[in-house]
Amino acid sequence: MRSSYFSVVISISLVLFVLGLFGLLILNTQEITRSVKENFSLTILLDEDASKAEVNQFFTTLQVAPYTREVQIISKEDAAEELKQTLDEDFVDFLGYNPLRDGIELRLKAEELEVSKLENLQADFEARDFVTEVVYDKLLIEKMNENLKLLSYGLLGGAVLLTLIAIALINSSIRLAIYSKRFLIKTMQLVGATKNFIRKPFLLKSLLHGIIGSVMAVGLLALLLYYLQQYVPGLAEMQKIQQLILLAAGIIVSGLVISLSCTFFALRKYLNLKTDQLYF
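For what it's worth, numbering that gives the first Met the number 0 labels the leading residue of the sequence shown as 0, then goes sequentially.
In case anyone wonders, no lab produced these hints; they're calculated from the structure.
Where hints are given, some of them may not hold.
In silico lysine-lysine, BS3-like type, Cα no more than 30 Å apart, as pairs [what the hints assert, rightly or not]: (1) K116 / K51; (2) K137 / K116; (3) K116 / K148; (4) K239 / K108; (5) K137 / K148; (6) K268 / K180; (7) K268 / K204; (8) K148 / K239; (9) K180 / K204; (10) K185 / K199; (11) K108 / K142; (12) K116 / K142; (13) K194 / K180; (14) K239 / K116; (15) K142 / K239; (16) K194 / K204; (17) K268 / K185; (18) K51 / K108; (19) K199 / K268; (20) K185 / K204; (21) K194 / K268; (22) K199 / K180; (23) K108 / K148; (24) K108 / K137.
None of the values given here were measured: they were computed from a predicted structure.
Build the full structure now, drawing on both the sequences and the hints.
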């Protein structure tokens, strides 16, 4: 009898561990997506005749703008030096002058990296007399957003499918455990026990199994995450304690709800069976 309930606890913990692992993957994918988006930048090229006061005022405005993640002024000398290192050739000496312009590199917050929003910003910036052009890779951003959207849908579909599988596996384990007690349930009914009286100990036990299985799943997940952080550079920085707490709470609540509901419906079946149906 104990072995059947032991298998239920193990089943709950392993299934919830896999479910939690998938949840952790989703959280980290969101952080990676945010990091990728926030590495894109707009380059605002400035007119050669732009006054320093105008540029500084514009720069200050960008610093406090709600869409800004990071902003910096890049002089044409710095831009030339960077391009020289990229090309491995001193093009300024070859041309005899520096054809580049002073500019401002603007990195946006991840939620702002939409083509429509970028076009609005571009129009706003280029309307200023001292801005000659706003440069960004529109096609690359469109393609990236499409791929990230597909990835999000895929992960959402996978989460739903995995949740259904988890419910099915836990339900199967609980039904097998209750099946082994079907004669005891029927005997209690024959001596006059009510359905609620019979249900109560089973539901309390299922609650206990759900708690134990959930805590074991959270513990395994925490242990795995701890060891992964030792070997995967940058993984620790991606984790947010609030999200991990919510994930752990979600695993525990899922374990309790699934365990209780599966036990309730399995009991309902055997409580409504006739005596001659117990042998089938």
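Here's how the hints hold up against the structure:
The suggested pairing of K116 with K51 holds, with an alpha-carbon distance near 28 Å, which does not exceed 30 Å. For the hint linking K137 to K116, the alpha-carbon distance of about 11 Å falls within 30 Å, and the restraint holds. Restraint check for K116 and K148: satisfied, since their Cα atoms lie roughly 17 Å apart, inside the 30 Å limit. As the CA atoms of K239 and K108 are separated by approximately 18 Å, the hinted pair is consistent with the 30 Å bound.
Between K137 and K148 the CA atoms are separated by roughly 17 Å; this keeps the pair inside 30 Å, and the hint holds. With a C-alpha separation of about 12 Å, the suggested pair K268 and K180 falls inside the 30 Å cut-off, and the hint holds. In summary, the hint linking K268 to K204 is supported, as the alpha carbons are separated by about 18 Å, within the 30 Å threshold. Distance hint between K148 and K239 is fulfilled; the C-alpha atoms sit about 22 Å from each other, no more than 30 Å.
The straight-line distance between the Cα atoms of K180 and K204 is roughly 13 Å, inside the 30 Å bound, and the hint therefore holds. Proposed proximity of K185 and K199 is supported: the alpha carbons are some 15 Å apart, at most 30 Å. Between the alpha carbons of K108 and K142 the distance comes to roughly 18 Å, so the proposed pair stays at or under 30 Å and holds. Between K116 and K142 the CA atoms are separated by roughly 16 Å; this keeps the pair inside 30 Å, and the hint holds.
Taken as a hint, the K194 and K180 pair is honoured in the structure, with Cα atoms around 15 Å apart against an allowance of 30 Å. A distance of roughly 28 Å separates the Cα atoms of K239 and K116; the hinted pair therefore holds under the 30 Å criterion. At roughly 28 Å between alpha-carbon atoms, K142 and K239 fall within 30 Å of each other, so this suggested pair holds. For the given pair, K194 sits about 16 Å from K204 by alpha-carbon distance, which is consistent with the 30 Å threshold.
Distance restraint check for K268 and K185: the Cα-Cα separation of roughly 11 Å lies within the 30 Å cut-off, and the hinted pair is therefore satisfied. Distance restraint check for K51 and K108: the Cα-Cα separation of roughly 27 Å lies within the 30 Å cut-off, and the hinted pair is therefore satisfied. Among the hinted pairs, K199 with K268 is consistent with the structure: their alpha-carbon atoms are about 15 Å apart, no more than 30 Å. Taking the CA atoms of K185 and K204, the gap is about 19 Å. The hint holds against a cut of 30 Å.
Between K194 and K268 the alpha-carbon distance is near 11 Å, which keeps this suggested pair within the 30 Å criterion. Between K199 and K180 the CA atoms are separated by roughly 14 Å; this keeps the pair inside 30 Å, and the hint holds. Proximity of K108 to K148 is assessed by CA-CA distance (about 17 Å); at most 30 Å being required, the pair is judged to hold. About 16 Å separates the Cα atoms of K108 and K137, which keeps this hinted pair within 30 Å; it holds.
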